[in-house]
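Respectively, the protein sequence lines represent chains A and B.
Residue 170 in the working numbering sits at position 170 of the first sequence, and the numbers go up by one each step.
To convert, take the position in the second sequence, counting from 1, and add 233; that gives the working numbering.
It should be emphasised that the hints constitute simulated quantities derived from the structure, not laboratory data.
Remember, predicted model here, so these are calculated numbers, not experimental data.
Check the hints yourself; a few may be wrong.
The following label-pair restraints were derived from C-beta to C-beta distances [said to hold, decoys possible]: (1) A:Phe149 - B:Arg774: 44 to 50 Å; (2) B:Asp790 - A:Glu28: 23 to 29 Å; (3) A:Glu28 - B:Arg921: 54 to 60 Å; (4) A:Leu109 - B:Arg532: 26 to 32 Å; (5) B:Glu533 - A:Phe149: 35 to 41 Å; (6) A:Phe149 - B:Gly535: 17 to 23 Å; (7) B:Ser380 - A:Ser160: 24 to 30 Å.
Footprint (simulated), chain A over chain B, 3 or more residues, beta carbon under 8 Å [as the list claims (entries may be wrong)]: (8) 387-395; (9) 478-490; (10) 657-664.
A virtual CB, placed ideally from N, CA and C, is assigned to each residue, including glycine.
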Amino acid sequence: MKSAVIVFPGSNRERDVARALELVSGREPALLWHADTGLPAGTDLVVLPGGFSYGDYLRCGAIAAQAPIMEAVRNHAGRGGLVVGICNGFQILCEAGLLPGVLLRNSGLRFICRDVHLRIERSDTPFTRGYNAGQVIRVPVAHGEGNYFAHPATISRLESEGRVLFRYTAPDGSLDPRHNVNGASNAIAGVLSEKLNVLGLMPHPENHVDPAVGSTDGRGLFAGLVAHFAAAA
Amino acid sequence: MTSAVSIITPELIAEHGLTPEEYQRIVGLIGRDPSITELGIFSAMWNEHCSYKSSKVHLRTLPTAGPCVIQGPGENAGVISIGDNLAVVFKMESHNHPSYIEPYQGAATGVGGILRDVFTMGARPIACLNALRFGDPAHPRTRSLVSGVVAGIGGYGNSFGVPTVGGSVGFHTRYDGNCLVNAMAVGLVDADRIFYAAATGVGTPIVYLGSKTGRDGIHGASMASAEFGEGAEEKRPTVQVGDPFSEKLLLEACLEIMAKGCVIAIQDMGAAGLTCSAVEMGAKGDLGVTLDLDKVPCREAGMTAYEMMLSESQERMLMVLRPEKEAEAEAIFRKWGLDFAVVGETTPDKRFIVRWRGDTVADLPIKELGDEAPIYRRPFVETPPPAIVRATDVPAPMPVGAVLERLLGTPDLCSKRWVWEQYDHVILGNTVQRPGGDAAVVRINEGPKGLAMTTDVTPRYCEADPLEGGKQAVAEAWRNLTAVGATPLAVTDNLNFGNPERPEIMGQLVGAIRGIAEACQALDFPVVSGNVSLYNETSGRAILPTPTIGGVGLIEDFAKSATLAFKAPDEQILLLGETRGWLGQSVYLREICGREEGAPPPVDLAAERRNGDLVRALIGEGIATAVHDVSDGGLLIALAEMAMASGLGARLYAAAMLVPEHAFWFGEDQARYVVTVRPDRAEAVMARAKAAGVPLRRLGQTSGNGALTLPNAAPIPVRTLVERFEAWLPGYMAGKAG
């Protein structure tokens, strides 16, 4: 799997995700600068990492969505290439129009960093083939604006098209408002684009890939992608 | 610059925080009246914050050397070796006054400043910690200060991208008018790639990097060197505004040009901004410096030389570059979108010359600016020794279990989850032990080494007896590092006190430093960096003396670090260390009996060492399954914390015969640890303790029933304890009465 991680000024989890990609795929990802205009030839996966791109002083992700590199990311997605945006990356994908909806301030109005439980809603996507449908994983969140919101009609469409990939739940997988960490609509933690090739999620699976540090529950995302490309090759 | 009639009036001198005697010293040094810009420069260099004029003679008594020390106090931060050509750079610094005036920005820029101190030396920050003290929860400002300070610390560190992994939070009415925000940063660097402030070479360019200079923070350091009266809020313009985004860019740009070999010397612009950084670079290198202020990137037009020299705008650096690498360095800074300007050069004559619009606005002897700052041996009176409170004279109005439930819900002992969940503590993917334990543990690169970190102080002990309190702060930091299995290496100290011109306050400072020195000496725990914050008073009332200790220790294999959670049912719970039932200055005495009095628990440094060394060995050999140091609140609080962290319960034996029950469970005797071991290993551990001369007592067994059971009492469900423990702070912040 050949992956590229986009670095915007203010990105700060690019090293975390690059380390996870290398650990699981055995291959170091390319780090691309926001001012770059093209992806390395043969790039399979593009990752937009977490952080505070351009300080998030405007709406989160709004400036990054206009960065020079984003045209290449758009083209990659348009060709059906896989794109993952994590945390600030998710916000950027929404601002860039590659995913529907927006991320509002957390319902508690505070930044929150804690482990949450996510239910995997389907396993028949390149992003989740490393998991079983209905499986619950534990990964951390660390954000102030992760409250997913969209027009009710959009939410219904996402639900009916099976585009909600991760949901905040109790440890046993049941829906419980107390475990909806940021107040997201339908407890949505991650969504897919129409063609199911672009994923945005708020939690950080890249921080749970090592048994010594947290857990290995996040590995499945990266392992699933590696398996996907291995099968395609 | 020289005018026949001096414009410097006594009022102007006083406004600059200089005494008439200090002003005469300036005139004597330069042989004339200073210009207004020069007066500003002297006031910046000679205020308490920058010159340590009241504390210097005492700070010199601290032990600062040791086998691991690469750089002791005097640089931007301390540096210690952890082997494998790796070094750890760390320091703690206060931002108390700004945080009280403007909590969010004050705390945020406190974090920004300490991070710059660390990466200025070439280190990539790997962790932040803090120590916070607020006033009485019932005080009308406390809630907004907690909210603003915590949001500010999180806002800066989270955006910058460093995990905030530990700290402490406490409340006391003596901080009503003066909260404390002590921020600590820890970084990692190759031991052969450390950068220092001293300039070398004559005629080398001095380069200004980072954000533009604005009118914020002018006289910030002087403000931080005076006590507050009424109307402190009017000082808001002296507080700087933080920009973590620029700081993150500055970090990446600095590390990149350092890696490319462009940098000779580097100094961040912190307190007293351009003045302090330029003078330090020159003075440390025995060189003069000439600055051309017309080249300084400014945020707004029309700034005077005086304003530029005293601005404390954030996220700025000063560097001496290798002349042949200047173009390469500039290209890197432009890539990161940061300002880059050659603003001066080094000179052979040891003068500090500042030019602006064709005039020389300052021409001063550079060495004397720092070296000739006044040093005071201020008169002090020692704190009189308090009477010892005997446990038998302390009432026991409530059953032990009821006391436990009450204490777990008090502001000082309750869970601080509400605070640390606002800090990103998992970024960088190396946090092995998160907040909530004895010390945080962070993996070094890919391991196996790990670094343990903690911040500690018990201000009420320091108030009662500064010497014992100073010792205790060091001992507790050492103990917390030991409790996770680390070998304690070195400390940074952040000394927060009132007005040193009052002899009783000076006595607290002198006593605490003596205690710190004694403990650091005895525990081989040198002080490698630090900060002094004086004048922490409002309208004549001083804070509790608060010498915060930030400790760092090394674990050879992070996977072997111990945690406080019980691990399995039916394990033996052992207490190492002696319990005499010391209730003087205890949380019990304050919260249950409403008395804040007596002598604090004495610290036996030989016992600390003996007991700690055994505990560390038991962890290293994998014998200890859970470990927790016993501190605030005493033994039963420690046991409850171990139960709450695991969900497992414990069946406890009766208290020791010779100690009253309440004093046994809630006394705050020092040098103690609770350790669990598998039942088949208990005998061997007891034999080892006996051989080492470490008092050991069986406390009971862990249990799978999820309840804490005291003798002759109904079991208390651990879930009830958790509810008590977790409820107070979120409830208070949501508006419930303090």
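Hint by hint, here is what the structure shows:
1. A:Phe149 - B:Arg774: 44 to 50 Å: About 48 Å separates the Cβ atoms of A:Phe149 and B:Arg774, which means 44 to 50 Å holds.
2. B:Asp790 - A:Glu28: 23 to 29 Å: This hint holds: roughly 26 Å between Cβ atoms.
3. A:Glu28 - B:Arg921: 54 to 60 Å: violated (48 Å)
4. A:Leu109 - B:Arg532: 26 to 32 Å: Holds: the Cβ-Cβ distance is about 31 Å, inside 26 to 32 Å.
5. B:Glu533 - A:Phe149: 35 to 41 Å: holds (39 Å)
6. A:Phe149 - B:Gly535: 17 to 23 Å: Hint violated: Cβ distance 45 Å, outside 17 to 23 Å.
7. B:Ser380 - A:Ser160: 24 to 30 Å: The hint (24 to 30 Å, Cβ to Cβ) is violated, given that B:Ser380 and A:Ser160 are roughly 42 Å apart.
8. 387-395: Result for this restraint: holds, n = 6.
9. 478-490: holds (count 4)
10. 657-664: holds (count 8)
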